[in-house]
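Protein chains in written order, with this note's numbering: chain A, 1 to 350; chain B, 1 to 307; chain C, 1 to 256.
I should point out that these hints are in silico values taken from the structure, not numbers from a laboratory.
Possibly wrong hints are sitting among the right ones.
[Said to hold, decoys possible] Heads up, incomplete: computed chain A residues facing chain B, CB under 7 angstroms, no partners named: (1) L114; (2) V122; (3) G125; (4) L313; (5) G316; (6) I320; (7) R324; (8) P327.
Quick reminder that beta carbons are idealized off the backbone N, C-alpha and C, glycines included.
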Amino acid sequence: MQDLKKKVLGTALIGVALAILPFLIGMGFGNAWIRMLDFALLYIMLALGLNIVVGFAGLLDLGYIAFYAVGAYVYALLASPHFGLHWPLWAILPIGALVAGVFGMVLGAPTLRLRGDYLAIVTLGFGEIIRIFLNNLNAPVNITNGPKGIAGIDPLTKSIDLFGFQLNSLYLNYYLFVVLALLIVVVTMRLEDSRLGRAWVAIREDEIAAKACGINTRNVKLLAFAMGASFGGVAGGLFAGFQQFVSPESFGLFESIMVLCMVVLGGMGNIPGVILGAVVLTVLPEVFRQWAGPMQMALFGQTYIDPESMRLLLFGIALILVMRFRPMGLLPSSRRKAEFEHAAEEGAQA
Amino acid sequence: METFVQQLINGLTLGSIYALVALGYTMVYGILGLINFAHGEVVMTGALIALAVCKALLATALPPLLILLIGLTVAAAACMALGWTIERIAYRPLRNAPRLAPLITAIGVSIVLQQLAMLFWGRSYHSVPALLPETTYDILGARISAVQIVIMLAAAISMAGLIVLVQRSKMGRAMRATAEKPEVAALMGVDANRIISLTFIIGSALAALAGVLVSANYGIAHYQMGFLLGLKAFTAAVLGGIGNIGGAVLGGILLGVIEAMGAGYIGDLTGGVLGSNYQDVFSFMVLIAVLVFRPSGLMGEKVSERA
Amino acid sequence: MTVLLQAKDIAKHFGGIRALKDVSLTINAGEIYGLIGPNGAGKTTFFNVITGLYQCDGGEIIFAGKPLHVESPHEVTGAGIARTFQNIRLFAEMSALENVMVGRHLRSKSGVLGAVFRTAATRAEEAAIREKATGLLDYVGIAAKAGIRAASLSYGDQRRLEIARALATEPKLLALDEPAAGMNATETAGLRALIEKVRADGTTVLLIEHDVKLIMGLCDRVAVLDYGEKIAEDVPAVVQKDPRVVSAYLGVPYEQ
Chain A
1 MQDLKKKVLG TALIGVALAI LPFLIGMGFG NAWIRMLDFA LLYIMLALGL NIVVGFAGLL
61 DLGYIAFYAV GAYVYALLAS PHFGLHWPLW AILPIGALVA GVFGMVLGAP TLRLRGDYLA
121 IVTLGFGEII RIFLNNLNAP VNITNGPKGI AGIDPLTKSI DLFGFQLNSL YLNYYLFVVL
181 ALLIVVVTMR LEDSRLGRAW VAIREDEIAA KACGINTRNV KLLAFAMGAS FGGVAGGLFA
241 GFQQFVSPES FGLFESIMVL CMVVLGGMGN IPGVILGAVV LTVLPEVFRQ WAGPMQMALF
301 GQTYIDPESM RLLLFGIALI LVMRFRPMGL LPSSRRKAEF EHAAEEGAQA
Chain B
1 METFVQQLIN GLTLGSIYAL VALGYTMVYG ILGLINFAHG EVVMTGALIA LAVCKALLAT
61 ALPPLLILLI GLTVAAAACM ALGWTIERIA YRPLRNAPRL APLITAIGVS IVLQQLAMLF
121 WGRSYHSVPA LLPETTYDIL GARISAVQIV IMLAAAISMA GLIVLVQRSK MGRAMRATAE
181 KPEVAALMGV DANRIISLTF IIGSALAALA GVLVSANYGI AHYQMGFLLG LKAFTAAVLG
241 GIGNIGGAVL GGILLGVIEA MGAGYIGDLT GGVLGSNYQD VFSFMVLIAV LVFRPSGLMG
301 EKVSERA
Chain C
1 MTVLLQAKDI AKHFGGIRAL KDVSLTINAG EIYGLIGPNG AGKTTFFNVI TGLYQCDGGE
61 IIFAGKPLHV ESPHEVTGAG IARTFQNIRL FAEMSALENV MVGRHLRSKS GVLGAVFRTA
121 ATRAEEAAIR EKATGLLDYV GIAAKAGIRA ASLSYGDQRR LEIARALATE PKLLALDEPA
181 AGMNATETAG LRALIEKVRA DGTTVLLIEH DVKLIMGLCD RVAVLDYGEK IAEDVPAVVQ
241 KDPRVVSAYL GVPYEQ
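Isolated chain A, as found in the complex (with noise of 0.2 angstroms):
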């Protein structure tokens, strides 16, 4: 009883906590910190998302970015002047979802006899493909239109009075997004502890013994690329209606690594450790963004190199230095940890 106690103060702590941050940081730092915790939150559902395919079952996918495109789009048509259509949130986020889990099947089937490397050369070439295919469907029926995107999408939220006290959109987002992480990390954990689970670490740790044990693993592994592609697909929703615009240029190969490295980094397989990488490499690289510029100014009295292409290198260069420093990331699992220091030894030995 002691302990169900503590797990309540415990969530119910975290819950008041999440409730007052956006207030807590527009207070202290701006608007525009608001926006960022909007897209921490993101990121957090679509590193989640990919955790399915890499952290649990073991499938390199480097194309992920596709699903989260895929959702972003649908809603996109579904709710601009595009097409004229302007249905409600809750009827298009399933519909993303759907969508995205049947083209995570859909990509997924052909990767399934393929060994890990050719399994990531295609997962990368499909996602390149999604993206061409985002940049050329304007001709000759319209559908995407094409390199200039869709813009005008409606807002996900609208300001709502609430006993005279003004929530604007900016707020309700991010409770919006807020809940639907905690969802989807509720959803992911759950995953984690039962038998599809299982089954998915046992493929990951030999997928021979695996099939032996009586897992059909073709239709776990769609499975695993199916649920990671719906959470990718939600989030892809969510974001279009956050930034009332979508192109083909944020759904690239460079967004699927950042997305692949918040897994990495943070630890892979590792449900806290991937919501951290998730947190830790949104808010950095804005964190540095922010100061870059100021700091040079103080220091050299003029900017030599341009924060932007700075962040690039220094994001290059911290991959190098935590994969040759603490390969497992920055909370991995205890299970990832043993896996490391087991090849280390037996690389040791050989």
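Keeping the supplied structure of chain A fixed, place chains B and C upon it in accordance with the hints.
Structure of chains B and C alone, referenced to chain A:
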């Protein structure tokens, strides 16, 4: 018919370049099991260094061909050093880590190289001086330029040289042995580290050559030129069967020809629905199709797992 | 004696190498059946064929009265044949208990919806899986090691764990690929007792082994493979004296 021959020529040219770059990918993968994401950036670095050297030398009265050769040599030396350094600093410490760590590191190296190139050479597209004769020849109703001929020849000679090296020399034997069974090769007295460094060095030299050739072909060099090229070349290596040197050559040339043909005919094939802007999609689709029906690539070995 | 598995004229080749040539044998329900032969004779290949890892190039297999379609290993396990591996294939980073729980995959059914909504049926199933897995760990004698990472277990315990995981699929036929390899006399005796217990509880056992003493003492009947062909199939006492078997193992006496 002219379109066919013209696209074939273009395809063979492009394919020769892909093959040169694909060789680097496939050799490293064969020996380390690693996708060297940074390889495309080494190509880019080679191109830009050669360009810088050539531009500097243009002021002198040296004959253009000599300038080109000097530029190529300097670029090759620089890329070899670069490749060696990357392996030593980024990949060697991770020799025993599970696969994802070196892959992410490779991505990191790729980003660093690209950003450094941008800081050094800026974001603009640099035009490449024409150091090769600008003559074109007519063949079967199509045009082939001296540049294209040089590209195909240079690529063919280097690849032949590499294959001879790998198949006939002691060093090549050591490379093949290390790629197959590093521990046993070590027991036979092969220094794995040296062989691995050598693999990177050779691959990087070829990359420099490819960089020079590709910038000569398109007349431009740009800090982002390595990305898509590297991706396509890696696709070619996978197409041919990753780890297989002959496969890389086959895959590269095949991919180049398919892309050129695709670009030329895709309008006709799809009744005008899809245009040549879908050319990249074509290559990926071919890759996927091949891998679905032949998961180990065209020349790859079927790896059957011993239970 | 009912026939449980009947292999008829099984052929398998890899390129030019004929690994199996017209191998026919019959395993009766309730038997402990041994498969022996010199190294490279095709024993593991035969195993891999009947458990679906390889497709045979000729012949057929009748299992429990029905033809066995060996397209995929998981279907074979579903039909009732479970196996262990020569080189122990455990899920190294999972605990012993989790390994056996994976073995219950086939005999349980909750999927995505059950996992996400934690329905009462799913929770009950999870509890049953856990209980059965714990029971199996106890059955093979490693109950105390339930929470330990599989890769950290001793060799003998790993073998037992693999058997427990195979038993979790509730097989009619348990196929063991060199279970005694690398074991000392004490461990082998323990293994023998376990195999006899498994048989006594109603599971037929097929066994590849090199430990001749174990095979002869344990098996009801034995088949001998040599160069991909079956050269003998009978009770151990008879097989032991078969001149073809002797020459396969020991060679032909040197003639001056």
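In rising order, the numbers of the hints this structure does not comply with: none
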